[in-house]
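A.B. asks: Chain by chain, the residues:
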Amino acid sequence: MEKILQVKDLELSFNTQAGEVKAIRGVNFDLYKGETLAIVGESGSGKSVTTKSIMRLLPESSAEFKNGEILFGGRDLTKLSDKEMQKIRGKEISMIFQDPMTSLNPTMPIGRQLTEPLLKHQKISKNEAKKVAIDLLRLVGMPKPELRMKQYPHQFSGGQRQRIVIAISLACNPKILIADEPTTALDVTIQAQILELMKDLQKKIDTSIIFITHDLGVVANVADRVAVMYGGKIVEIGTVDEIFYNPQHPYTWGLLSSMPSLDTEDAKLYAIPGTPPDLLDPPKGDAFALRSEYALSIDMEQNPPFFKVSDTHSAATWLLHPDAPQVEPPVTVIERMKKFPGSRYYEGGAV
Amino acid sequence: MAEKLLEIKNLKQYFNIGKANEVRAVDDISFDIYKGETLGLVGESGCGKSTTGRSIIRLYDATDGDVYYEGENVHGKKSKQDLKKFNRKMQMIFQDPYASLNQRMKVMDIIAEGIDIHGLAKNQTERKKMVYDLLETVGLNKEHANRYPHEFSGGQRQRLGIARALAVDPDFIIADEPISALDVSIQAQVVNLLKELQEEKGLTFLFIAHDLSMVKYISDRIGVMYFGKLVELAPAEELYNNPLHPYTQSLLSAIPLPDPNYERNRVRKSYDPAVHDYNKADDVRMREISPGHFVQCSEREFESIKASSLTK
Numbered sequence: 001m002e003k004i005l006q007v008k009d010l011e012l013s014f015n016t017q018a019g020e021v022k023a024i025r026g027v028n029f030d031l032y033k034g035e036t037l038a039i040v041g042e043s044g045s046g047k048s049v050t051t052k053s054i055m056r057l058l059p060e061s062s063a064e065f066k067n068g069e070i071l072f073g074g075r076d077l078t079k080l081s082d083k084e085m086q087k088i089r090g091k092e093i094s095m096i097f098q099d100p101m102t103s104l105n106p107t108m109p110i111g112r113q114l115t116e117p118l119l120k121h122q123k124i125s126k127n128e129a130k131k132v133a134i135d136l137l138r139l140v141g142m143p144k145p146e147l148r149m150k151q152y153p154h155q156f157s158g159g160q161r162q163r164i165v166i167a168i169s170l171a172c173n174p175k176i177l178i179a180d181e182p183t184t185a186l187d188v189t190i191q192a193q194i195l196e197l198m199k200d201l202q203k204k205i206d207t208s209i210i211f212i213t214h215d216l217g218v219v220a221n222v223a224d225r226v227a228v229m230y231g232g233k234i235v236e237i238g239t240v241d242e243i244f245y246n247p248q249h250p251y252t253w254g255l256l257s258s259m260p261s262l263d264t265e266d267a268k269l270y271a272i273p274g275t276p277p278d279l280l281d282p283p284k285g286d287a288f289a290l291r292s293e294y295a296l297s298i299d300m301e302q303n304p305p306f307f308k309v310s311d312t313h314s315a316a317t318w319l320l321h322p323d324a325p326q327v328e329p330p331v332t333v334i335e336r337m338k339k340f341p342g343s344r345y346y347e348g349g350a351v
Numbered sequence: 001m002a003e004k005l006l007e008i009k010n011l012k013q014y015f016n017i018g019k020a021n022e023v024r025a026v027d028d029i030s031f032d033i034y035k036g037e038t039l040g041l042v043g044e045s046g047c048g049k050s051t052t053g054r055s056i057i058r059l060y061d062a063t064d065g066d067v068y069y070e071g072e073n074v075h076g077k078k079s080k081q082d083l084k085k086f087n088r089k090m091q092m093i094f095q096d097p098y099a100s101l102n103q104r105m106k107v108m109d110i111i112a113e114g115i116d117i118h119g120l121a122k123n124q125t126e127r128k129k130m131v132y133d134l135l136e137t138v139g140l141n142k143e144h145a146n147r148y149p150h151e152f153s154g155g156q157r158q159r160l161g162i163a164r165a166l167a168v169d170p171d172f173i174i175a176d177e178p179i180s181a182l183d184v185s186i187q188a189q190v191v192n193l194l195k196e197l198q199e200e201k202g203l204t205f206l207f208i209a210h211d212l213s214m215v216k217y218i219s220d221r222i223g224v225m226y227f228g229k230l231v232e233l234a235p236a237e238e239l240y241n242n243p244l245h246p247y248t249q250s251l252l253s254a255i256p257l258p259d260p261n262y263e264r265n266r267v268r269k270s271y272d273p274a275v276h277d278y279n280k281a282d283d284v285r286m287r288e289i290s291p292g293h294f295v296q297c298s299e300r301e302f303e304s305i306k307a308s309s310l311t312k
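Protein chains in written order, with my numbering: chain A, 1 to 351; chain B, 1 to 312.
Think of the hints as simulated: they come from the structure by calculation, not from any bench.
From the three backbone atoms N, C-alpha and C, an ideal C-beta is built for every residue, glycine too.
Any given hint could be a false lead.
One-sided and incomplete, this derived list gives chain A residues near chain B with beta-carbon spacing under 7 Å [claimed, not checked]:
#1 Ser43
#2 Asn105
#3 Pro106
#4 Thr107
#5 Met142
#6 Pro143
#7 Leu147
#8 Met149
#9 Tyr152
#10 Thr184
#11 Asp187
#12 Leu197
#13 Asp200
#14 Asp224
#15 Lys268
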């Protein structure tokens, strides 16, 4: 498959009054054409910072690239000037944010906000741009698009606003769409509609999506591949089936067990103890070790490298080292593994 | 089931009454809450679930209807003394642990505020001890008493909110989206804490939320609200296995679960209020389909639901 974007050894820090916050500590991933890659993790894990660094949306006064590169179309995005970046942003790579109210301009009719990227990036007349904008609104399922063009953001509901934001982000047929928690602020029924819309549009225009969320249900719904982030690093990456049915990293185990499924019985919910690491002073070794009951003594000393589980699946945990002791994952995770051919708990039957 | 702790009867909460923009946030709902149970209240934003909680605890003056607490009317005219008594028994935990704690007060004073108002501590030493004990109960420690809210993480602040609610030794707690603002791993910690406290102290909860899988996990019974009305009320297990109102069915079919296979096959149902095709003569109200399972329906719908459940 064609690689659209490659992030290599990315390290980024924020210089704050309290000191250097190492927000991204060596992130590697590829994005393929037409796929949806979900990045999951809790607040502070570095998932939003990673994507904002791709878009170069971080304040240059405090954010500093320490190492690594972001390759897109043969160019390293970390090295581009602001002017060059402006030609990519909104045209080749665009972004949808969590809160559709704050990402739309409340004093501008939505028609103008829709034509803005078209006039900026494409050589077309105002009238043509208007036509394209109306088509876009129709594409995202907005009834009466001609009338709606003249209205202001406050005249739309939350779900409709997010549809408009999606329309704007797709205006120039971007190669990559970054969606940062696009449905977190929406009700479940509206969320379901927006997710369906995004999947539908992705097929139509063949864009690649990076989808950031902390909701594992949403991940299971939209993702082709999943990257799990913790403490500024990716700790596990694989196809959606591999992450949900054959997870290897104790943090992924914790995440999957701490969400009640609809058939979780009265048993106590598994809670990951403690809080995420302080990236001002990141722990030596595996950042998750202090919260993990599966931590080995080497975890306190040395950061685990990535171990390959399959061609598409790898995880950064010493538990996968050939010399590591065999451990028993949490019960809920074993239940999941029973469905996965190739895991040691597989009980037969197709996934 | 056990005895009733609260009876909510025909509760109505309208805003902008008589004006063009009148909002019927809560429109004639009735339900009971039993001692020691957790009643979950779910629905989309704007359906009136939070307003219901706030009206019960008298943060709003209800437009109409009654709330009986152990047989006594909460919403009738009350002397200050009587009100104080109710306020002690009912407490609330809010969604946003950042906005609901006074940034200028130390944790000690935030938690002790209720203790002071109700005169529960005889002297300073006792007051201190009570706060320390509360902090321990919610999984923090006494060193935290001298800090300010901004020094805590989101999960810890929600623990402070819980400690504050527990300070006056209430019987009934309204938790309005207490975990929505928290990370997944922290949500589980807080939910486990609430469950433990319930077992220890025999608390009764009204748990308001929109995250349906968490609601199912924590609740004994669940009420579903739509546009100010309660449309279905049933034991948690029953509601998920056998949803009868089309809105409940649509809501349940929209929840994404952390299971890719399930997601590939999930079929979403949408809800259109027009399916009911009610006319003016229809007597639309809550009817009991099976013991404890209530659905809002007309006589006609009631008969057809009954008939189809018999054939199952």
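A.B. asks: Taking the hints in turn, state whether each one holds.
C.D. replies: Hints, verified against the model:
Taking 7 Å as the C-beta contact cut-off toward chain B, the hint placing Ser43 of chain A at the interface holds, the least distance being around 6 Å. At about 23 Å, the closest approach between the beta carbon of Asn105 of chain A and any beta carbon in chain B exceeds 7 Å, and the interface hint on this residue is violated. With its C-beta approaching chain B no nearer than about 20 Å, Pro106 of chain A sits outside the 7 Å limit, and its interface hint is violated. For the restraint placing Thr107 of chain A at the interface with chain B, the shortest Cβ-Cβ distance is roughly 23 Å, beyond the 7 Å limit, so the hint is violated.
Restraint check, Met142 of chain A versus chain B: the minimum CB separation of about 17 Å is more than 7 Å; hint violated. Below 7 Å, beta-carbon pairs count as interface contacts, and Pro143 of chain A has none with chain B, the closest being about 15 Å; its hint is therefore violated. About 23 Å separates the beta-carbon of Leu147 of chain A from the nearest beta-carbon of chain B, more than 7 Å, and the hint is not met. About 26 Å separates the beta-carbon of Met149 of chain A from the nearest beta-carbon of chain B, more than 7 Å, and the hint is not met.
Contact between Tyr152 of chain A and chain B, as hinted, is not supported at the beta carbon level, the nearest pair being about 19 Å apart and thus beyond 7 Å. Taking 7 Å as the C-beta cut-off, the interface hint given for Thr184 of chain A is violated, the closest approach to chain B being about 10 Å. Against a cut-off of 7 Å between C-beta atoms, the interface hint on Asp187 of chain A holds, since the closest Cβ of chain B lies about 4 Å away. The beta carbon of Leu197 of chain A comes no nearer than 12 Å to any beta carbon in chain B, farther than 7 Å, and the hint placing it at the interface is violated.
Restraint check, Asp200 of chain A versus chain B: the minimum CB separation of about 13 Å is more than 7 Å; hint violated. Interface hint at Asp224 of chain A: violated, since its Cβ lies 10 Å from the closest Cβ of chain B, which is beyond the 7 Å cut-off. A least Cβ separation of about 6 Å between Lys268 of chain A and chain B falls short of the 7 Å threshold, and the interface hint therefore holds.
Hints 2, 3, 4, 5, 6, 7, 8, 9, 10, 12, 13, 14 from the earlier list are contradicted by this structure; the remaining hints agree with it.
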